[in-house]
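Now for the letters of each chain:
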Amino acid sequence: MHIVVCIKQVPDSAQIRVHPVTNTIMRQGVPAIVNPYDLVALEEALRLKDRYQAHVTVLTMGPPQAETALRKALSFGADEAILLTDRAFAGADTLATSYALASAIRQIQKDMPVDLVFAGKQTIDGDTAQVGPGIAVRLGLQMLTYVCKIEALDLEQREITVQRRAEGGVQVLKTRLPALITVLEGINEMRFATMPDMFRAARHPLKVWDKDAAGIEDATRIGLKGSPTVVSKVFAPTPRTQKAEIVQTQSDQPRDQAATLLAKLFTKFPQLRAEIGRRAS
Amino acid sequence: MTEKFDAIVVGAGQAGNAAAYTMAKAGLKVLQIERGEYPGSKNVQGAILYADALEKIIPDFRDDAPLERHLIEQRVWILDDESYVGTTYRSNDFNKPPYNRYTIIRAQFDKWYSKKVQEAGALVICETTVTDLHMDGERVVGVKTDRTGGSVYADVVILADGVNSLLARKAGFHEELKPKDVALAVKEIHFLPESTIESRFNVSGNAGVVIEMAGKITQGMIGTGFLYTNKESLTIGVGCLLSDFKKQGIAPYALLEQMKAHPAIKPLIEGGEMKEYTAHLIPEGGYHAMPPLCGEGWMIAGDAGMFVNGVHREGSNLAMTTGQLAAETVIELKNENKPCTAKHLARYRAKLDASFVMKDLKKYKRLPEIFEKNHQFFTTYPELMNRAAHAMIAVDGVDKKSKERAIRRSFLNARSWKGLMGDAFKLWRAFE
Ligand SMILES: Cc1cc2nc3c(=O)[nH]c(=O)nc-3n(C[C@H](O)[C@H](O)[C@H](O)COP(=O)(O)OP(=O)(O)OC[C@H]3O[C@@H](n4cnc5c(N)ncnc54)[C@H](O)[C@@H]3O)c2cc1C
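So the sequences go chain by chain: A and B.
Going by my numbering, the first sequence runs without a break in its numbering and finishes at 265.
Going by my numbering, the second sequence runs without a break in its numbering and finishes at 446.
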């Protein structure tokens, strides 16, 4: 079995600040990390590797510094790492990114067919959750998003069964391979690499692919050129001045609790009662 | 794990990188272990880089190292509460390449340095803490780390693990750090537009300024303050002996806040966006506080060995030079097919003695003790000097001779003839 895990190096958003006057994002000195959701996907893939002897390839598109992210993935146990890096890829939105990654996965397939593609739920710097599905559509893969558990994998039947968190509950879904899975956060905990793994990761030769090596057929569909999304403005929302208040009640009956809350609201906003009365009539 | 290296370097700071680079460049099989997420991640501060030490290791570092500004002006301020007296040295000679001193941001600089180390062929492993030294009797034969399968072996281990040097302490090579031998420094980086920095400090292009400060800002504690210009930010900080902080019960951040509010400093940093606040120890015990520097299979370089010249605020250059000398010792022994025993590693000590490192540390060896016993240098004198300057400069109808007499009297009242002569003698001895 061959699994491709797509990861992205992102600025640690916990350390990014917006300049109070100019509203620009201050990136200076902000460390780059592997998108935390992608690490959950990687760990899930590595667990399948442990159980089914899968071959795990990590793939990232980014500047040369993204090498660090790939080495980290290798230290956790990935077998192969590919860095898509080319000036032509710069400035890509989710459309152009999924085009480039899908092309690269097609190239990977030429060496070894791919059964599963993993991606994180979304990235912490873009929050779009579009790249994973974008890849699935382009490659014609079955798509399983927001997966919280892989229940079973049947390599004979080439079927996978997963649990998917949906609004109001959990769905159990079964589909054919090859499939693309995006996973939810918190479903596993990343392993701690051993010293021999660290050595292997530091020494492992990376595959570095430019746009030709990645098999890009239409150069107008990658990078800035291939990105219809325009960020017209970045702004910090004005902070709220209101404060939340916790209302204590004597009784634990919903009826009494609601009554206490209403009484509180009506005292605080005297016009409210009249307003409701007026609308009701 | 049976893999064995020629040398293991613990730490990827200035000392560790110099050592690992030098040995790897000479073709040795080198493993470097750093506990931070990446080299420099534990060290996010701005600092002054002395070109000379680095040039001797990487001659063409200027081609691609991330450097902020080269320094063309040095100000020294002795501060009272409302004023300062000071000197300035500015020279256009410092504005001609190759430049002598630069400001750097350590996080970026250390990353660059580490890349050089890796390109030279060393194996660099981050996010891994060396927890213990592997001993075979008296001899260090490798290190243990916090990872599974984490024991690694080498002919020699260079401890470049910084000021706390827990490993050497744990192994019993030296004693606990004494609070009087370390300074606690806090610093902040304030972001300001390039053009604001250039107009405020009267510089242009990539030129920059350092201000060294002493006096009332340390509230009677032994220490100094500093401010440097980076490309688009200022580094400002203050450091005092840990023993003084303890005795006086002053919080370091409160000291820095008060220093930033000084009427001569506040306008320089006004409007800046504060980005980082970091606290770090500096080993300032000097020559007399130095631990043994080498033994059976081990050497110590950088802060771990107390290699800091507190008077001139030099640390990174001593760290680099000691790292380089330790590396050269290993290279020589390898070439001569000699083992890294205490007897042979003693060459490291000889190299240190012959270099500026030990010469400078010896020169100032009395200073820590003199300052420790004579706090007046940080309290009484700054005040007297500022008052004297004020008296001479203010035009108020009093004749100059009376002013001079009053100034003389103020010095005598504060310190007496004997005290003044004694202090002068002490300082002369300290800097002799
Ligand atoms: C506020 C401040 C300002 C300074 N300003 C200047 C200046 O302007 N100019 C100057 O020349 N010097 C300056 N110095 C001093 C200078 O920073 C130090 O002398 C220099 O960094 C020492 O280098 P080092 O390699 O010995 O230690 P460090 O740079 O501290 O590196 C030690 C490294 O070892 C790692 N490490 C520690 N223990 C372990 C372990 N067990 N396992 C694995 N890794 C470990 C640490 O993470 C760290 O990266 C300043 C110091 C401070 C605190």
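Keep in mind that the hints are not guaranteed to be accurate.
For lysine-lysine, the following BS3-like pairs were computed, each having C-alpha atoms within a straight-line distance of at most 25 Å [as the list claims (entries may be wrong)]: (1) A:Lys191 - B:Lys348; (2) A:Lys191 - B:Lys125; (3) B:Lys130 - A:Lys191.
Some chain B residues well away from chain A (every beta-carbon gap over 10 Å; in silico) [said to hold, decoys possible]: (4) Ile139; (5) Arg161; (6) Lys184; (7) Glu350; (8) Leu381.
If you're looking for bench data, these hints aren't it; they were derived computationally from the structure.
As the structure is a computational prediction, the values presented were derived from the model and not from experiment.
The beta carbon of each residue, even a glycine, is placed where N, CA and C say it ideally should be.
Do the hints match the structure? See the list:
1. A:Lys191 - B:Lys348: Violated - the C-alpha atoms of B:Lys348 and A:Lys191 are around 35 Å apart, more than 25 Å.
2. A:Lys191 - B:Lys125: Holds, at roughly 22 Å.
3. B:Lys130 - A:Lys191: Answer holds: B:Lys130 to A:Lys191 is near 21 Å, not above 25 Å.
4. Ile139: It is violated; B:Ile139 is separated from chain A by about 5 Å at its closest Cβ, not greater than 10 Å.
5. Arg161: 4 Å, violated
6. Lys184: 20 Å, holds
7. Glu350: 29 Å, holds
8. Leu381: Holds, because the least Cβ-Cβ distance between B:Leu381 and chain A comes to about 35 Å, which exceeds 10 Å.
Violated hints for the displayed structure, listed by number in ascending order: 1, 4, 5.
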